[in-house]
Amino acid sequence: MNRTGLPDWLSDALPERAAAPTEIAEAARHQVETIGLPGLRDEEWRWTNLRAIQRGRFHAPSGVGADVEPSTRLPLDNPLRLRFVDGAFQGVPDDLPEGVAITALADADEATRAAAFSPKPAPSVENPNDALVTLNTAMAREGVVVDVAANAIVERPIVIEWLDGATESTMSHPRVLIRLGESASATLIEHVETVGEKPAWRNSVIVSSIAANAALTHIALGLDGESRLSTTRTFAALERDARYHSHNVQLGGRMIRREYDVHVGGTGAHTDLIGLMMPHGKQLLDTHTRITHAAADTTSNEHYRTIADDAGRGVFKGRILIEQDAQRIEAYQSSNNLILSDDAEIDAKPELEIYADDVSCSHGATIGRLDQEALFYLRTRGIALDEARGLLIAGFAQEVIDELPIPALRDWLTTRVEQRLNDRSLPVDSDA
Amino acid sequence: MALLEIKNLHAEIDGSEILKGIDLTVNAGEVHAIMGPNGSGKSTLCHVLGGRDGYEVTQGTITFDGHDLLEMETEERAIAGMLLGFQHPVEIPGVKNIYLLKEALNAKREAQGLEEIDTFTFMKQVRELVASMDMDDAFLHRGVNAGFSGGEKKRNEILQMLLLEPKLALLDETDSGLDIDALKVVSDGINRMRGEARGIILVTHYQRLLNYVEPDMVHVLYKGKIIKSGDKTLAHRLEAEGYQEILQEAS
Amino acid sequence: MTETQELEQLVKREYKYGFTTDIEQEIIPPGLDEDVVRMISAKKKEPEFMLEWRLSAFRHWQTMTEPEWAHVHYPRIDYQALSYYAAPKSQEELDAEAPESLDDVDPKLLETYEKLGIPLHERAALAGVKGANVAVDAVFDSVSVTTTFKEKLAEAGVIFCSFSEAVENHPELVKKYLGTVVPQGDNFFAALNSAVFSDGSFVYVPKGVKCPMELSTYFRINAKNTGQFERTLIIAEEGASVSYLEGCTAPQRDENQLHAAVVELVALDDAEIKYSTVQNWYPGDEEGKGGIYNFVTKRGECRGDRSKITWTQVEAGSAITWKYPSCVLKGDDSVGEFYSVAVGNNYQQIDSGTKMIHLGKRTRSTIVSKGISAGHAENAYRGLVHIGKTATDARNFTQCDSLLIGDRCGAHTFPYIEAKNASAQVEHEATTSKVSDDQMFYLRSRGLSEEDAMNMVVSGFCKDVFNELPMEFAVEAQALLAVSLEGSVG
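Chains as they are written, first to last, in the working numbering: chain L, 1 to 432; chain Z, 1001 to 1251; chain D, 2001 to 2490.
It is worth saying that the hints were derived from the structure and are not from the lab.
Please read all numbers here as calculations on a predicted model, not as lab measurements.
Keep in mind that the hints are not guaranteed to be accurate.
As the list claims (entries may be wrong) - Cut-off 30 Å, straight-line C-alpha distance, at most; resulting in silico cross-link-like pairs (DSS-like, lysine-lysine):
1) Z:Lys1096 <-> D:Lys2434
2) D:Lys2434 <-> Z:Lys1153
3) Z:Lys1042 <-> Z:Lys1223
Let's have the full structure, built from the sequences with the hints guiding it.
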């Protein structure tokens, strides 16, 4: 099979020493050098090409950025901020709530670092589809470890601020480990912003392990920023009765590829994956999810929506995998998409891969224009066509926003999306 | 010989005992009503008689028309002449009603050593029955119970009973959720089935059905046991006084 | 059920068509190079253009690698160990003079077809319930043996003959259309077929003609260690319509056999082609030994406005099935349909589905796929719905359901949806479930045996697809389904 070789600048940047334990890092390094980056012939990458990265000649950040601040303030109550500027961790805050321990990855002990680099399900180092995780393993030096003690209910949201592009053409490969003890609960928010106008590439990995009966809410907010390139992977491993709630909102970036791997490994565990992507301009927003039901009596619910405008492209792939002997599974997935312009494109691939028989699984995918009858109805009520269209598009997005668990964030995002739709310069498709 | 004889029947689901020693004898020509509050074991009794998986009979015997019922598979029971009318008939999309009716009838005929029924006779008979149940012919060509209203599903159960002419009809809450017109149609169907050679067991939650189908015997099932049996006046008492009074009297 | 009964049931479940026919055959030695391609072409006395076409396909094939993306697993095929041509000996004579009547055909062959239940004799066909209006072309291993009803079709102007005859008698049509839907280098197996195909069926329905009867081909693999590479080309001119049926069987053999066919359909303005398949190649035994590798490329092009192509398939046989009958909807207002039942038992593997490529305006497509998995079978639906930039107001509806029988099988759904037009409307729904205990209990309480109850539920599950089959095929499909699933309950 055709492989895209590793560009020289990337090969040259492979570090002698990484944060991963030596054996793991060396294996990864070896694989990266043999496999290179994924190409369009690799099944998981048929709709997303990495040319912008290959041609980018990115280099490691030079260590500036202590004074960089995000321009957007999220309406959060006393958040616990973990800031990364161009992938460099800016230090552990001092006012940690009870039950929360935070360590810079570089300072973590060997066992912890091994955990950070051994996600479940293990990515296949031989599979080109997993090449970017392997690259992160080979490259990662920066990162953070968040530990939430058993029974701790952490009210303060833990916010990871990814501030990318502070210096020109930087690349970063940070790694985050978050572990929740039994019956603990916490909220992790990724606040992603481009702080400069120069292209930057972040290839980050978050590994989370959620112990029995614990619950992790993970919100990713990718805000505007034309130059950002990011390839990210999130692993979530759930034990018995654990819950993982993911909300993935992507509003900007030049090429954003997010991958979620959720391993529902304990009886009674449940996961929700909710997403909204709104590519416009020439953006490519891509989310791949994979839910593995590895234990009986587990459930999952996935709901993704994409609104593609201008020459924007939205890509969604969701795989539900039910392992043999994982009986009595209920899994539901839907992918609904709107195309607002003839230059926009939507690609969707909802997959079911099922090896157990006592299951109830369904998925649905739609691509469609606005409901003509609803448009007509609104107009008979005296609402102008453009406004009626705007209402329907906003309503389409709102159904996903409404699922966010933090009310203030919901309202903030609603306003943000409305602004975005109001700013549209082109009329919505040519119907009616 | 009794048509159905249940002796000291104990049954459990997932290790918890639901039926705790039921004795019941139904002779040909009789109509029995079994009443009881929710959770008393009515549906469990029906499922055990129907041979549903997941119910374990731990003690007791059931004799049906001279056969040891507990040794028989579900379909053998049906072929031997028992018909279970479901409380919630399942939907089977894609399988036409008419097809099920014919298959079921032929399965029975085959066991009796008869030839398959010829299509003409069959259709004639079915059409008459459909009309008698105040149903439309189109219903025959819809999927079994698929998209049927609650009332239609129950009429369908009675229609099957009329066609298959069982020796024992065991109707599990066939009257629940019916409006009065449907109830009359269903009752009428049941009354037509009454006869010398046939036993009928009505399992019901409401005395209302018994205004239309007069039972020979009424039994009160409570916590897995028949705590009181009597003639139809027992049903009237239940209606007037409620279960509480009877329960106290029995204990 | 007792163990003995279970065993009995296993033993009972045999492949009905697993006999071989003992007739003298001419098989060329295994191996594939340009000389073999030349030899095949020479044996068929083909004109120069065909040889050139084959050779260019062969050269392309040599540069290609076998695809790996499908959800199927099998040991590497040694393409040099296969023989690329097998014909009944009498073919030499047949070539010299195409059979005027059935009397010219080897009686043993006729016997084979009789065993298969094909109404080959016109009289037999007439005696059949619905068969009276079916013209049959029979392909035995690589070579087309006989085509019935030729005269009646000729009256209507319809050409229905073996591919070899078409090359000989209608080279201009072959030249014009061959490879225009499935190009030589389309994929690995199509390229291989283009180089070595030996025969197949050819149908041409002229302008405005509604083909007066169903056309039918029965394919049969008989020889050992041979690959079967047939090629079918159907052309419906403006306003023409035709319904074509295809049935397939093979003898029971321990080793795997390769079948790599190519089917091309061309529908011009207002034309309609309905292509129905009941595929019952030998699936291997209950341990997964033997069986056909069925790697087939089928594609239809709605080239004209308002044209329509319908694929209906019942896939019950083969050890491995790899096929995606597709529609390229070029003409405005053209329609593509795909109705499929794919059933896998024991160790069968299926990766099948369709592609609907919308290019014309207001093009519409419908996909209904029903997958049934039992035993250790793996059954994957793979489909692509592509709405191109030019396909204004295109619509697709896809319904894709899987039914699981037993807990050691797999059911998978891999749909690809691509839309590049704001007016596109695509709807995809998929479900996976098992036959519910409630349904089984209900039917058994009505006196049906477990096996009959299962068959009834499964037939109901497949009904939307069976409804699309011509009557006589629907009956066959239903029976085939029951045979395929025998021994899977209990």
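Hints, one by one, checked against the model:
no.	hint	verdict
1	Z:Lys1096 <-> D:Lys2434	holds (20 Å)
2	D:Lys2434 <-> Z:Lys1153	holds (23 Å)
3	Z:Lys1042 <-> Z:Lys1223	holds (10 Å)
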